[in-house]
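Please work from the sequences and hints to get the whole structure.
So the protein lines, in turn, are chains U and W.
Taking our numbering, the leading residue of the first sequence gets 1, the next gets one more, and so forth.
Taking our numbering, the leading residue of the second sequence gets 109, the next gets one more, and so forth.
Wrong hints could be hidden among the right ones.
Stated by the list, open to error - Result set (EDC-like, lysine to aspartate or glutamate): computed pairs, CA atoms no more than 16 Å apart in a straight line:
id	chain 1	residue 1	chain 2	residue 2
1	U	LYS95	U	ASP39
2	W	LYS175	W	GLU132
3	W	LYS127	W	ASP193
4	W	LYS149	U	ASP7
5	W	LYS152	W	ASP178
6	W	LYS148	U	GLU5
7	W	LYS179	W	GLU161
8	U	LYS95	W	ASP138
9	W	LYS130	W	ASP178
10	U	LYS103	U	ASP57
11	W	LYS148	W	ASP193
12	U	LYS79	U	GLU5
13	U	LYS79	U	ASP57
14	U	LYS95	W	GLU212
15	W	LYS179	W	GLU132
16	W	LYS152	U	GLU5
17	W	LYS175	W	GLU212
18	W	LYS144	W	GLU166
19	W	LYS160	W	ASP178
20	W	LYS144	W	ASP178
21	U	LYS103	U	ASP39
22	W	LYS152	U	GLU3
23	U	LYS79	U	GLU3
24	W	LYS148	U	ASP57
25	W	LYS144	W	GLU190
26	W	LYS149	U	GLU56
27	U	LYS42	W	ASP138
28	W	LYS149	U	ASP39
29	W	LYS117	W	GLU132
30	W	LYS179	W	ASP138
31	U	LYS95	W	ASP126
32	U	LYS45	W	GLU212
33	U	LYS95	W	ASP146
34	W	LYS160	W	ASP138
35	U	LYS45	U	ASP82
36	U	LYS103	U	GLU3
37	W	LYS175	W	GLU190
38	W	LYS148	U	GLU15
To be clear, the hints were calculated from the coordinates, so they are not data collected in a lab.
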Amino acid sequence: RKEVEQDPGPFNVPEGATVAFNCTYSNSASQSFFWYRQDCRKEPKLLMSVYSSGNEDGRFTAQLNRASQYISLLIRDSKLSDSATYLCVVRGYQKVTFGTGTKLQVIP
Amino acid sequence: DTAVSQTPKYLVTQMGNDKSIKCEQNLGHDTMYWYKQDSKKFLKIMFSYNNKELIINETVPNRFSPKSPDKAHLNLHINSLELGDSAVYFCASSLGVGGGLFYEQYFGPGTRLTVT
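This is how it looks when you write it as structure tokens:
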């Protein structure tokens, strides 16, 4: 089993739709979790950290389920500008692992 | 006021050459990283330095040698370049090596290396 797994997609969704991505991790001792966004030919940028109780930032909601070892990202009211690859990141002491990313394409 | 910068942005070179990529961060972070992103877009960590000390050294050919003259700089030197080294190399930094939520990483713009 890979340390961090994501469905590569692509997820093709119409504007205004709600879309959700999951990311599973294998190390139960992992300490923190993040979602990054990477646009084509650009560097990854932090989208949001994932708090234990879940957190929301505008149209984006992140959840953590430690029992089942996954995190999720929900995007509401998708915009064309949300089209990108979303990378899940799992972190422990002196260790950080990126998922392979989920590609989202929002279509008009 | 760029937080993490890399030079050069593009590097085209021939097999067998030696090249260096430089990285600098002005965030006051203690930890810096090198990642390789290949054509399949998988982002793989290569090295990590904390306060100039090597703490992560993944399975990377020893043709790759990182050097950290101070905690704001982490350079990557590559000897005897091969076709398979063609990729985008990203530098990143974080506050420290801890596992908590404070330790998110900030990435440089990447160096696109093409070996011909």
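We went through each hint and held it up to the structure:
| no. | hint | verdict |
| --- | --- | --- |
| 1 | U:LYS95 x U:ASP39 | violated, 24 Å |
| 2 | W:LYS175 x W:GLU132 | holds, 12 Å |
| 3 | W:LYS127 x W:ASP193 | holds, 11 Å |
| 4 | W:LYS149 x U:ASP7 | holds, 14 Å |
| 5 | W:LYS152 x W:ASP178 | violated, 24 Å |
| 6 | W:LYS148 x U:GLU5 | holds, 15 Å |
| 7 | W:LYS179 x W:GLU161 | holds, 9 Å |
| 8 | U:LYS95 x W:ASP138 | holds, 15 Å |
| 9 | W:LYS130 x W:ASP178 | holds, 12 Å |
| 10 | U:LYS103 x U:ASP57 | violated, 20 Å |
| 11 | W:LYS148 x W:ASP193 | holds, 13 Å |
| 12 | U:LYS79 x U:GLU5 | violated, 25 Å |
| 13 | U:LYS79 x U:ASP57 | holds, 15 Å |
| 14 | U:LYS95 x W:GLU212 | holds, 12 Å |
| 15 | W:LYS179 x W:GLU132 | holds, 9 Å |
| 16 | W:LYS152 x U:GLU5 | holds, 14 Å |
| 17 | W:LYS175 x W:GLU212 | violated, 22 Å |
| 18 | W:LYS144 x W:GLU166 | holds, 11 Å |
| 19 | W:LYS160 x W:ASP178 | holds, 6 Å |
| 20 | W:LYS144 x W:ASP178 | violated, 22 Å |
| 21 | U:LYS103 x U:ASP39 | holds, 10 Å |
| 22 | W:LYS152 x U:GLU3 | holds, 12 Å |
| 23 | U:LYS79 x U:GLU3 | violated, 31 Å |
| 24 | W:LYS148 x U:ASP57 | violated, 30 Å |
| 25 | W:LYS144 x W:GLU190 | holds, 14 Å |
| 26 | W:LYS149 x U:GLU56 | violated, 28 Å |
| 27 | U:LYS42 x W:ASP138 | violated, 24 Å |
| 28 | W:LYS149 x U:ASP39 | holds, 11 Å |
| 29 | W:LYS117 x W:GLU132 | holds, 13 Å |
| 30 | W:LYS179 x W:ASP138 | holds, 6 Å |
| 31 | U:LYS95 x W:ASP126 | violated, 29 Å |
| 32 | U:LYS45 x W:GLU212 | holds, 10 Å |
| 33 | U:LYS95 x W:ASP146 | violated, 20 Å |
| 34 | W:LYS160 x W:ASP138 | holds, 8 Å |
| 35 | U:LYS45 x U:ASP82 | holds, 13 Å |
| 36 | U:LYS103 x U:GLU3 | violated, 19 Å |
| 37 | W:LYS175 x W:GLU190 | violated, 20 Å |
| 38 | W:LYS148 x U:GLU15 | violated, 27 Å |
Going down the numbered hints, you'll see the structure goes against 1, 5, 10, 12, 17, 20, 23, 24, 26, 27, 31, 33, 36, 37 and 38, while the others check out.
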